[in-house]
Amino acid sequence: MTEILRIENIHKNFGDLEVLKGIDLSVAEGETVVILGASGSGKSTLLRCTNFLEIPSSGKVFLRGDLIGEEDPTGSMGYQESDLTHVRQRMGMVFQQFNLFPHMTAIDNVMEALVTVLKQSRSDARRTAMDQLDSVGLADKADEYPARLSGGQMQRVAIARALAMSPDIMLFDEVTSALDPELVGEVLKTMRTLAEGGLTMLVVTHELGFAYHVADRVVFLHEGRIYEEGSPKNILTDPKKERTRDFVRGHLQFSIPSHGES
Amino acid sequence: MYKWDFAAVFIDFDLLLLGLLNTLKVTGLSLTLGVPLGLFLAVCRLSRLRLIGPLAGFIIEFFRTTPPLVQLFWFFFALPILIDVRMTPFVAAVATFSIQSSAFFAEVFRGGIVSVEASQWEGARALGMSYIQLMRRVILPQAVKRMIPAFLERSIELLKTTTLVSVIAYSDLLFYANDLAQKTFRPLEIYTITALIYFCVIYPISMLVRVLERFFNRSGESTVA
Amino acid sequence: MEYQWDFLSIVDNWNLLAIGLLGTFKIFIVTCVIGLSLGLLVGIGRYSRAWSIRLPAAVFVEFFRNTPVLIQIIWFYFALPILVPFEINAFTASVMGIALNTAAFSADIYRGGIQSIDRGQWDGGRAIGMSYLQTMRRVIIPQAIKRMLPPLTNRGIEVFKMSTLASIVAYAETIHQAKLISESYFNPIESFSVVALLFFVVLFPIVQVTYLLERRFGKSD
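Top to bottom, those sequences are chains R, P and X.
All residue numbers for the first sequence refer to the numbering used here, where the first residue is 65 and numbers rise by one.
All residue numbers for the second sequence refer to the numbering used here, where the first residue is 800 and numbers rise by one.
All residue numbers for the third sequence refer to the numbering used here, where the first residue is 5 and numbers rise by one.
Mixed in with the good hints, there may be bad ones.
[What the hints assert, rightly or not] Short derived list, chain R residues pointing at chain X, Cβ under 8 Å: (1) ARG152; (2) GLN161; (3) PRO166; (4) ALA177; (5) ARG225.
[To be verified] A partial selection of chain P residues facing chain X, derived with a Cβ cut-off under 8 Å: (6) THR864; (7) LYS959; (8) VAL966.
Calculated directly from the structure, the hints in this document are not laboratory data.
Owing to the predicted nature of the structure, the values given are computational and were not obtained by experimental measurement.
Ideal Cβ positions, reconstructed from N, Cα and C, are used throughout, including at glycine.
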């Protein structure tokens, strides 16, 4: 299996505060890796360092085996903004706050990168965009502005927008946390379909159920380090370490028991 | 190369300072009259009585929309004939700028009161406060805080607008500057220094406004004082 | 003694007033074009990574915001000609003074407009692989322009009002002509009232449009 993403010893400081204290992570093609952790554990920062919306303080990121950036003789990394822009074309990201462009319709949002960045013709881009919107079930909303869409619909458009670039890997940053509870389901369902279709995904979420049913691997982040890592079953139903157990228990304390669910 | 000669400026510097003093006099007096008048206009504007609201509104709009120089000329040249009164430049200036600034202050007042969220009114009402109580204890304290930066900004605008009085021969800073420039044949030095004097007076107040704006944004809402 | 109202002489001399109105509009158009575009350059300059551009831009904005326009006009009319080898007429001096003042104020409007766009929009643009410039051009600026319309329209109104200052250096704009008529025919009440009404009638609709824009797009300055 090809390795799509490799993160080596990533550190990230914000001033005096060290948020990531040495993260090593690898994601293979078609894998869905879910990152769990408490607020402040560094989950979002890790994701944002992956596509260089934040620049890591030290450490390396490899995409399909290629090192991103240049290493100078002293061992520290240098990054050119133009290179980073190219890297971001190969990774897709979906945000908690959607970040759709309010002055463009849904289909224009999805087409935007194809036309402006990849310089495709508008007709080609439109066709690709319509396919993407269709795959997330929103073909009929193509000409609507974001203001007229529900949160769940906006997030699915955001997913379509990221997918339109045919990225090597998709990054999901707590994409359901800002949604009304009844809209969470439709987004998770879309993500599940994508995972089952073989998309390589790195997902930060609080939705333990999604992690359990969809993830190939679960990583628990605590205070800037990978605290425990393993299969969903191991981490979520039988965590070995104390903090993982506290975390899972805390999240499940109000869950409704059902009969016969494995 | 032009030979700069600031000596001419400093010989008569006291005249410039006298002009500055007069500028401040006009500004100060106009402010003293304009603010209460603005409050009155704002209250009228918010009034629910049939004619008063729109009438106040019209006065405010008229004096905000017409150029100050036009107003000044009207007060200085036209009004004396209409009401048969001798108008000195000082009186005309203060009359013009009191009314002109009051129109802007009225909007500051109205904006301040209106900007306090409706939820504050509801919260106070739910506690059983009367209109006067909630105005005094909840709305006005919050409104006043927000209005202070806008007030200072309007005052700065007024200070800058008073340069117009030099045109009707009131001896403010610009008037003396013109005078000296003609007498000494050194307009470059005189006017440069004059501009700097204005800057040195206005800039600190501007900075104060910015500091206050940031301070009020950080401290959040005022408590019931 | 009964005051004799004399509006007739104004009507008779409407061509004098017309010259003034033309002068006012000339100043307005030229100043708006120069002032608003220069303000854009200065606004961008304040963002520059080189402090050799940032500093002069900041000084420019601070100086022209915190000095009266009239002194600037007078400086350009009386003082500048001494430093430069060419003539500066009343129109040029007035336009320079008002335009630089407008540029200083609009620089801050542009800055405020861009900063008011949610940071997440930058993320959204960058995440799909757009460069800084592409994100600015396609995502940020189209949204910022709407926010900037109310305060920019307000600036336009201010320019229109400031054009009256040109009369002080004897440029033939509206109030200058009105004064001329009032001195010739001894009817200051009529002359200045008519001019006041003229300005009001022209500016009031634009002010209303500004309020409309404010309501639709957000705060003015």
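For this session: Any hints from earlier that this structure breaks? Give me their numbers in increasing order, please.
Result: Of the numbered hints, all hold.
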